[in-house]
Amino acid sequence: MATILVNGVKREVQAPSDTPLLYVLRNDLELSGPQFGCGLAQCGACSVLLNGKEVRSCITPLAAVGDKEVTTLEGLPTRWAKQRGLSADQAAKTLHPVQETWIEEQAPLCGFCQNGMIIKATELLERVASPTLAEIKEAFTTSGPSPHLCRCGSYTAIIQAVQRAATRMVKRSDVL
Amino acid sequence: MIATQQKVATSTTDVFGAFLSRRGFVKTGGALLVGFGLVSADGMQKTDVAASGNTLNAALPESWIELHADNTILIRVGKPDFGTGSVFTAYRQIAAEELRVPVEAIRTVISGDTDRTPDGSGAFDFLQGGMPNIRKAGAYVYQALLDLASERLGVPKDQLSVRDSIISGGGKSVSYGDLVKNQHLNLTIPVKGDVHSMFGLTVEGNPPLKPVSEYTIVGKSFRNSVTVSKVTAKETWVTDVRLPGMLHARMVHPKTLGSKLVSVGPLDKARFPNTQVVVRGNLVGVVAPTEWEAIKAAQQIAAGTKWTDWKGLPGNERLFQFLKEDADWKSTPAETSKKSNGDVASALAKPSKKLSATYQRPYLKHAPIGPTMALADVRSDGTVYVYTHTQNPQALRSGIAHMLSTSVDRVVVRTFAGPGHYGRSNGGNAGAEDEAVILSQAVGKPVRVQWMRPEDFQWSTQSSAAFSDVEIGLDAEGKMTAFQIDHYMPAMQDDRLVGAILAGLPTIPAPNEQGAVIGVRNDVHDPWIYDGTPAVLERAYGTFQIGQKSSALNVGLRDHSLRTPGQYQQNFPRELAITEAAVLAGADPLQFRIQHAREKRLIGVLESVRDASGWKPRSEPPSAVNGLKRGQGVSALFRGGSYWACVANIAVNMTSGAIKVERVTVAVDPGIVINPMQLKRQVEGGTVMGISMTLLEELRFDESGVIVNDWRSYPIATVADLPEIKVVLINRPEVGKYGQGSEAANALAASAIAGAFLDATGKPARRLPLKPDYVQALLRA
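Each protein sequence line maps, in turn, to chains A and B.
Number 163 in this note's numbering belongs to position 135 of the first sequence; there are no gaps in the numbering.
Number 751 in this note's numbering belongs to position 598 of the second sequence; there are no gaps in the numbering.
This is chain A alone, in the form it adopts within the complex:
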């Protein structure tokens, strides 16, 4: 048995320690953000944040999580609320700016890869407030174990959504 910290909550899981984190999140904790795409760290559909760094949960064994915090797509609104010191009431009504702009730009087509795209965008924007186009492209291609793949070809919308989210997050930083 292991205890892991997922989206701010400690969770006890029975899975063997060599189980990839993806199956623990999906089957034991019934989270639906991370998706199985390849099991090979080649596509990014399964991405989660581990202490704020994007990792591929399909090749990350449960044993490697330790006391690091896992953030999934489900946990992004809470993460944002915590970073901005929002009240519980405000937090409940909030989406992460990346999620908001993903909706405004109508980024997903089938949407199966978008979990990883949103997680990667969040990691990038927490690190670089106003990324250049080159930095955005680098984030989705060479920054991790593989590029983040979208077969539907939604890359134009993804870049526009990241740029819009960056502007919004910078503005809100000024206010708060």
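Don't take every hint at face value.
[Said to hold, decoys possible] With a straight-line cut-off of 30 Å between C-alpha atoms, the simulated DSSO-like cross-links for lysine-lysine are:
#1 Lys110(A) - Lys387(B)
#2 Lys924(B) - Lys165(A)
#3 Lys413(B) - Lys459(B)
#4 Lys879(B) - Lys165(A)
#5 Lys782(B) - Lys165(A)
#6 Lys373(B) - Lys121(A)
#7 Lys199(A) - Lys879(B)
#8 Lys813(B) - Lys165(A)
#9 Lys38(A) - Lys387(B)
#10 Lys96(A) - Lys387(B)
#11 Lys387(B) - Lys121(A)
#12 Lys387(B) - Lys199(A)
#13 Lys165(A) - Lys387(B)
#14 Lys422(B) - Lys408(B)
#15 Lys916(B) - Lys503(B)
#16 Lys459(B) - Lys408(B)
#17 Lys492(B) - Lys890(B)
#18 Lys387(B) - Lys81(A)
#19 Lys408(B) - Lys477(B)
Treat the hints as calculated values from the structure; they're not laboratory data.
Keep in mind that this is a model prediction, so the values were computed, not measured.
Given chain A, put chain B in place with the hints provided.
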């Protein structure tokens, strides 16, 4: 039309051939429900209830459209969403327009479940020749509401007007909700077709449609309602469906496409105490309580399982030689296009200039981001539930019933959001559904089958390779006098259930001369658009699935339609050849197309793409700048009522052979533009997939099977390959119909990019993909 009295109704009204019946007063609620009556071969005589074999009944609440007393509306459509969002955006807009209600009044869209939607068909051709079922169904409902209001208000129908669910006339008004309150109303609309066939049911008759000039909803950029749930992890994806007692499974597929099972590998029961191995014929499945145990146990069993060897494929290195010299193109007659006309032979006998060339496209994969997955529950009473992401649930339903030798009434298919796979399951199955059913039946529990990444490349269907021979004659003025094209492509549509094949259970035959859907016949899929050409001959030749006949499993390189099926295989040779002919004629390739076009909508998209892309006629060949030569290329096509043109601007690295697509401009005239934002996103996506196919994709296979197994061996486009994409939408309300959007963009890129390569380098690149080694070889030649 004469109304026939229906026995359970208290009164019946004829509404342009549909029938409105009232079933008396109800105390609370009330609704207008829309079902259908089948049109028989001899006309509009109807049956009272639904088509046989369909669980829907017009008398039950599970109907096509429901209008409730609180003014909310629910619509049900047989076509499932496949990522374009059309059922949630375009269908809502079209229905709201005909019904004269705000889009927001349509609270719920139920799509693609065989027990909860009426009309069948699949996730393709959503706009159904410009007349989707929902448009006519909405129009019938509107007329029925006018009849009800006329009676209620005592005002003739033609003096009524409607706005936002309120009907007014003679100084009085009534809302839709009030009309249906405390009523039990049924509207039976005429349909024809077979709900289990590929194309499902079609609404018949001619109810008056809302004039396009009065549209207020179609043409606006409404958001896709499922985007929110998809980006906030609230969507129930197919991967999230769990049933009590559900077990996880992994398959152990044969070593080659022609291997039979010799012996199943041993399982370490101490390590995997709860794992079951199911063997049926050549089907081997590993079932366990947890997913990780199923994966590890399946790996162990696969390592020890023995299969016979088989070599029956030409290998991709020898593919085109095989297709040209060895394949049987004679067993099925060639198809000649309707546009073929004039004396091509004479015109080609003595042209001023002539182009003769052969063009080749490789096998491609659909390559969904998630491998195929399905959950099946074969219950003790023999009923079967399949939970999956299929494009054609009714076709899958009948395929599963056939496999189990049971009736379709015993099978229910429910669909969920999942990874797009672009045509792979438009005939019903994507690969895992039937295997899940077989395993569930064997173990008596719900079983979830998830294919792994290598299997999804190696055991799924592929998009057919093709080649085409082209001859073009030009006169002294540089005008095309004759165009001849012969297309060759193996059978495109294998809808067999692969699990059924492996298990030795019934399924439809392999594509043959008679044809299950289309057999081995090939068609001219790319409609001819240059009507100013005096002589045209287009022929299409089909052949059997490669390897199938010699395989012990009766399985070869199974083919299946992929976005713009057949058309992109044919548009590449045609459009590149037209560009080559223009160059031979000393003409500008874009102006050359306009000169040979007669249709004003085609000329319109060509002029739009010319202006929007900054196209400049070439006065002299480009010189290299920093080792790069830049070029521009153009392509055009007609598909599903829409005209398309595309310009690609590329840079060719003259040393490495790498091609960078820098800019793509697409102009589309679909007639009526329904939702500009969604159409633009679809065009951008299709453009990226088209670039990926053009530059990167080629299925590699040896003599035994597919050898690509992951994203390294079958790379697709990444953000790094993304060009600047400009989309020009041309709205033509006067056309009166909705043309298809989305997938056509896939077919445009290859011919435009190859045209740009010719412009940059002077070399025709007639074989795809345009990988650096091939480009280098062309540059050296």
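Quiz item: Regarding the pair lysine 924(B) and lysine 165(A), is the alpha-carbon distance no greater than 30 Å?
Solution: 22 Å, holds
Self-check item: 30 Å limit on alpha-carbon distance, applied to hinted pair lysine 387(B) and lysine 199(A)
Solution: Cα-Cα ~28 Å, so holds.
Quiz item: Holds or violated: are the alpha carbons of lysine 916(B) and lysine 503(B) at most 30 Å from each other?
Solution: Distance ~25 Å between lysine 916(B) and lysine 503(B) Cα, so the pair holds.
Quiz item: Has the given pair, lysine 38(A) with lysine 387(B), been kept, meaning a C-alpha gap of at most 30 Å?
Solution: The given pair, whose Cα atoms are some 21 Å apart, holds under the 30 Å limit.
Quiz item: Holds or violated: lysine 96(A) with lysine 387(B), Cα cutoff 30 Å?
Solution: 25 Å, holds
Quiz prompt | Proposed proximity, lysine 121(A) with lysine 373(B) (alpha carbon, max 30 Å) | solution = 28 Å, holds
Quiz prompt | lysine 879(B) paired with lysine 165(A) [C-alpha distance capped at 30 Å] | solution = Measuring from Cα to Cα gives roughly 19 Å; hence the hint holds.
Quiz item: Within a Cα-Cα threshold of 30 Å, do lysine 110(A) and lysine 387(B) meet the stated pairing?
Solution: 21 Å, holds
Quiz item: Taking 30 Å as the top limit, are the C-alpha atoms of lysine 813(B) and lysine 165(A) close enough?
Solution: Holds - the C-alpha atoms of lysine 165(A) and lysine 813(B) are around 15 Å apart, at most 30 Å.
Practice problem: Decide if the proposed pair is consistent with the structure: lysine 782(B) and lysine 165(A), CA atoms, cutoff 30 Å inclusive. | Solution: With Cα atoms ~24 Å apart, lysine 782(B) and lysine 165(A) stay inside 30 Å; holds.
Quiz prompt | Distance restraint between lysine 408(B) and lysine 477(B), which requires alpha-carbon spacing of 30 Å or less | solution = Status holds; Cα separation ~28 Å.
Practice problem: Compare the distance between the alpha carbons of lysine 459(B) and lysine 408(B) with 30 Å, and conclude whether the hinted pair is satisfied. | Solution: With Cα atoms ~8 Å apart, lysine 459(B) and lysine 408(B) stay inside 30 Å; holds.
The structure is consistent with each of the numbered hints, conforming to all of them.
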